[in-house]
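If you read the protein sequences in the order shown, they are chains H, E, D and Y.
According to my numbering, the first sequence is numbered sequentially starting from 1.
According to my numbering, the second sequence is numbered sequentially starting from 351.
According to my numbering, the third sequence is numbered sequentially starting from 546.
According to my numbering, the fourth sequence is numbered sequentially starting from 646.
What the hints contain is simulated information worked out from the structure, not anything from laboratory work.
Model, not experiment: these values are computed from the prediction.
Take these hints with a grain of salt, some might be off.
[Stated by the list, open to error] Derived EDC-like pairs: lysine to aspartate or glutamate, alpha-carbon spacing no greater than 20 Å straight-line:
#1 K229(H) <-> E128(H)
#2 K1069(Y) <-> E1140(Y)
#3 K1061(Y) <-> D1144(Y)
#4 K76(H) <-> E1148(Y)
#5 K229(H) <-> E249(H)
#6 K82(H) <-> E1140(Y)
#7 K415(E) <-> E499(E)
#8 K229(H) <-> D163(H)
#9 K489(E) <-> E1250(Y)
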Amino acid sequence: MARFLKLRTPILTVALMALLLAVLSACASPQNTFDPKSDATDSILTIYILVTVVASVVGFAVLAAMVWLIIKFRAKPGVPAKQIHGNTKLEIAWTIAPIFILLIIGIPTMYWIAGTAEDPAPNVLEVEATGHQWWFEFTYPGMGLDGGDLITANELVIPVGRDIRVTLYSDDVVHSFWVPQLVGKTDMIPGRTNVLQTFNAYEPGLYYGQCAEFCGTAHALMRFRVNVKTSADFSTWADAHNAGPAAPEPGTAAARGSLGFATCSGCHAISGTAAQGRIGPDLSLFGERSTIAAGILDNTDANLKAWIGDVRSIKPIPEGARFMPTFNDGTLDEGQIADIAAYLNSLTAE
Amino acid sequence: MWAFLGSDVLFFGTLIATHLVYRGQSVSGPTENILDIPITSISTFVLLMSSLAMVLALSGLQRGKMGEARFWLAATALLGSVFIGFQMYEFAEFANEGLTPRTNLFGSTFLIMTGFHGTHVAIGILWLWSLFFATFNGKIHQGNSLEVEIAGLYWHFVDIVWIVIFGVVYLVGAYGAEEHVEEAGHAAAAIFGIG
Amino acid sequence: MAHIAESHANHPGPRLYITIALILGALTGIEVAAFFLEMSSWIVVWILLLLSLAKFLMVVFFFMHLRMDDNRFALLFFAPMIVMVSIAVALLALFQNITR
Amino acid sequence: MAANTGILRRPLAPVGIWAWMTTVDHKRIAVLYGVTAFFFFLLGGMEALVMRVQLASAESTLVSAATFNAMFTMHGTTMVFMVVMPAGAAFFNFLVPLMIGARDVAFPRLNAFSYWLFLFGALFMNFSFFMNAFPDIGWFGYAPLTSNEFTISNATDYWVLGLLVMGVGTTAAGFNFVVTILNMRAPGMTLMRMPVFVWMTLIVAFLIIFAFPPLTIALAFLTFDRFFDTNFFVDIGAGSDPLLWQHLFWIFGHPEVYILILPAMGIVSDVLPTFTRKPLFGYSMIVFAGVVIAFLGFGVWAHHMFTTGLGPWANAAFSATTMAIAVPTGVKIFNWLATLYGGSITFKTPMLFALGFISMFMLGGLSGIMHAVTAVDSQQQDTYFIVAHFHYVLFGGAIFGINSGIYYWFPKITGKMLSEPLGKVHFWLMLIGFNLTFMPMHILGVIGMPRRIYTYAEDMGFEFLNQIVSAGAFIIALSVIIFIINVVRSVRQGEPAGDNPWEAATLEWSISSPPHHYNFAVVPTVRSQYPLWDENANVVLPPALPAHDEPVMPDPSYWPIVVAFSITMVAGGLIIWQGHAIAGLTVIASMGLLGMRAIYGWVLEPMEDEAHVSVHH
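Looking at chain H on its own, in the form it has when it is part of the complex (with noise of 0.2 Å):
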């Protein structure tokens, strides 16, 4: 008996070493939930942390009993087990301990139900999140040009320290906005409208968001950013949004690349432009956004061309699936595709 007791130690100590070591080594992570950049998060993360204590607290401790009294009652040679059938007031007690343990969680839990059904700030910020096949579209009702609406897709810019709601649909398929560090998720049903809880960023900066609910083949790459800035940067982002991009002076590859993009049109929109399709994302400013094709690829020329190329090489498409065409094969040379990349890098805000 003494070799399992030699063995159980040592293995114990080796698993919390490495428990350790893995969480160190993970807090890095963009989505880390442990480090909270909302209110809304926040408000989670005081109660993450006391029902994970909880469940630690009392996890060790039934571990440890449970030790104890295996090393403790081992069969002894002439040691008869006692023949105990049960005690009722021993039941008793550990059926109303587990409930006191709950209530401490559960009455948190019930105030931080309440508090999202509370009405947000006054100045609260309306947004439409809508879940398209693997790609986020957004609209911010009322912001667009003379009263419409301001579209656009896979880069939520939000001003930093308001209260921002987010109205979530869906187009196709469930799906989930998440996004880990400012507010925790609420699926996109079709056919169902939800509310996602109202959060308020603390500092600008770019947040990772990914959709949680498995919504197909290319499930795993449909992600998007939050880039929260100062409300300044927030409202000369919207201007130059509404304003369109400034013609690119003729002869330049972004020239040739705005005649080319005639062939994108349908399906995508430039707001300000004769390009107004709305089955695509729209691509307003997308200079300045810093990541493509929802979320997966980092906004560089390369990666660009190699997107418009061929979509189906980066992400998985099953045929049949209203997406994107190839256009490498034929329909656009080289030539056009490095012009057509240049032109959507040109649309910035100056």
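Dock chains E, D and Y against the given chain H, drawing on the hints supplied.
Same frame as chain H, now just chains E, D and Y:
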């Protein structure tokens, strides 16, 4: 058999719950206003009488009166077939009024619910006819009347499911269909104590 | 299955069955009548529900002689009934807030 | 002649393939269930290993997205419906009749029918692999994704119809065990003197017959949607609501996970007394807690849907019921620990696995309570934290419990002992591998790795942990290989086990192992929960009965397998019907008729064949 009926309660309960949940959600196409109450009340009456016939058949068999038992067994099966006839007629009637499981939500939930019930009735009729023929070749006699009793339990169960469907779906549903959607819902919400 | 056999003795005779059947028929008649009367919708809905419940219980207790058998069968039937009714009520309540 | 209701003569030979296909003996059916469950366990394990290899490195292109999605779908479906449930069924089939002192289950042929339906349903679903239409919609197939519009191949049809066929089989088994346990107990064995495993079987049987109808209906709706384009979940414009599928599925889903875990709890509650040499602590409390869990199980389903925007009232209500269900589970764990108190514990392999079960299941339960809190769930839902939770409960719980049961009852089933040293290696390897695999997943969940993604970006910081997880998975695979070696070695030349190798207390240890096909020579009368430990144990093992006055056992019959085959073929016909209508219709019609004919053959066939009976008397 009671265990089976317990499970079937869940089966039809879910069907009826789905129908109630989807009430009033159909956007296009005919809904409750298509239901023809007089005919369905007659078919309900027919099914009630078939339950009576079933019970008489069972008591006849238990008292050893084979003639009586056979007569009522056949009567139950025939009344059951008449009920199925009404259902077929009703489905055909709906079809040419444009209501099929494809047209709208009401079509789907209603027709599939009554369809499943009809299938249960059909299985019951098949079972009754098998029992009926079994009385001739000596397989069913006063001794093992338990066989018929189990079939009886099944038949009465199918009858009470129809009572619920008739009451809840036909009558409450068809009674001025539109404005009852909220009421039934609110009633449920009130019971559940949800605001 | 011993205890099933001796419960045969106290099965009600055919006369009782016929009276029950007539009552059920009458109840259905009242239901249909209530349906055609133009009373305020709230009462009619409750009348219809109560009548179908009454018919339901009558058939279960008399035709299926649940009253005579020992109550383990009743448990086997009414336990799922309670579970199902509570699930149905919960579903109805949950689907109330469909925001179209 | 009357005995033969079919074209073929009724097989009476006790040996050979034909005997196995037409067996109605609960012990043989149990072995069939066990072997099939183990085969699918290996299959599911391989699917898991493919996933782990793909996720071991960031942005790896080893496996395409479609294949990965199919892998996690089938891994989930296989492990839940084709491994843990049939493994539970194997234990029910073998042990319940022996533990309650009965000769066989209430409806032997229905028992065989349940097995064959399960097998054909499982093969039917996996057959889609060869038609390169492996289901890829997730093991709970949320609504709009499963409609024709969003699935290219008919993979989902295989999934839906396969589940329907298996569901019918499982529900039939549920009825069988409710009737067996309620009616066929040995004289003197009141409900409160039954072994805990039999209690858990009764509760599981009730859970099965009350939880499967909602699933059957949800699947029927989906079948109508996909084949006859009704619009239950599909045409959002016409008012249908995908949430209805989620509701119906999880109304079945949560009782289902209790169907998976209660057998393991029953096994552990019967293994502990034997290795602590003392009665189980608080027998009635454990049984009562089981019943409470069963009822509450129907009231918690929407905790899978906290993030679907049901509104604060619903979230609060289901959060509360989910927390409430933790209390009876806690009571069970405390009772098991109290059983250890004051015992003289011997650490044989079944005991090790039972201790592993208690500790890992407890950790899983606690990680589960964490996302009973709606706030925390909005961060944890659909992340690897949830994957960690249910693996701790299902693998740490059910699989450890089942392994404990295998090591404990293997001697009774085969008459040979499994080797202790190999068993211990298997346990320790599995425990270490298990913790290495699933503990890091908690952290992966916390740092935001979503579920069901076939790849992840470099800069997400998931890679190191995923490598540990993948390594752990291979250690588990290694431990399973050791288990196979152990079984093969001991079947060939394991040392004979004798009737009661562990000096256990329940009835099944009072007869020879492997038991005679008629189980008990004389049906014992029982005075307490631990018949073999009573001083005045009157269960003296009479010598095996001479051949001529063995009790008459029901004879093999080939009708169950024929009916099961025809039902599955009707489902197959539906799939063919999609391709080319006439061929499909002919298959459906012919198989339907065959099924009807087989049912009549089955019903009219007497239990004991006259030829058989006349030989004996």
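Of the numbered hints stated earlier in the document, which are not met by this structure? Violated: hints 5, 6.
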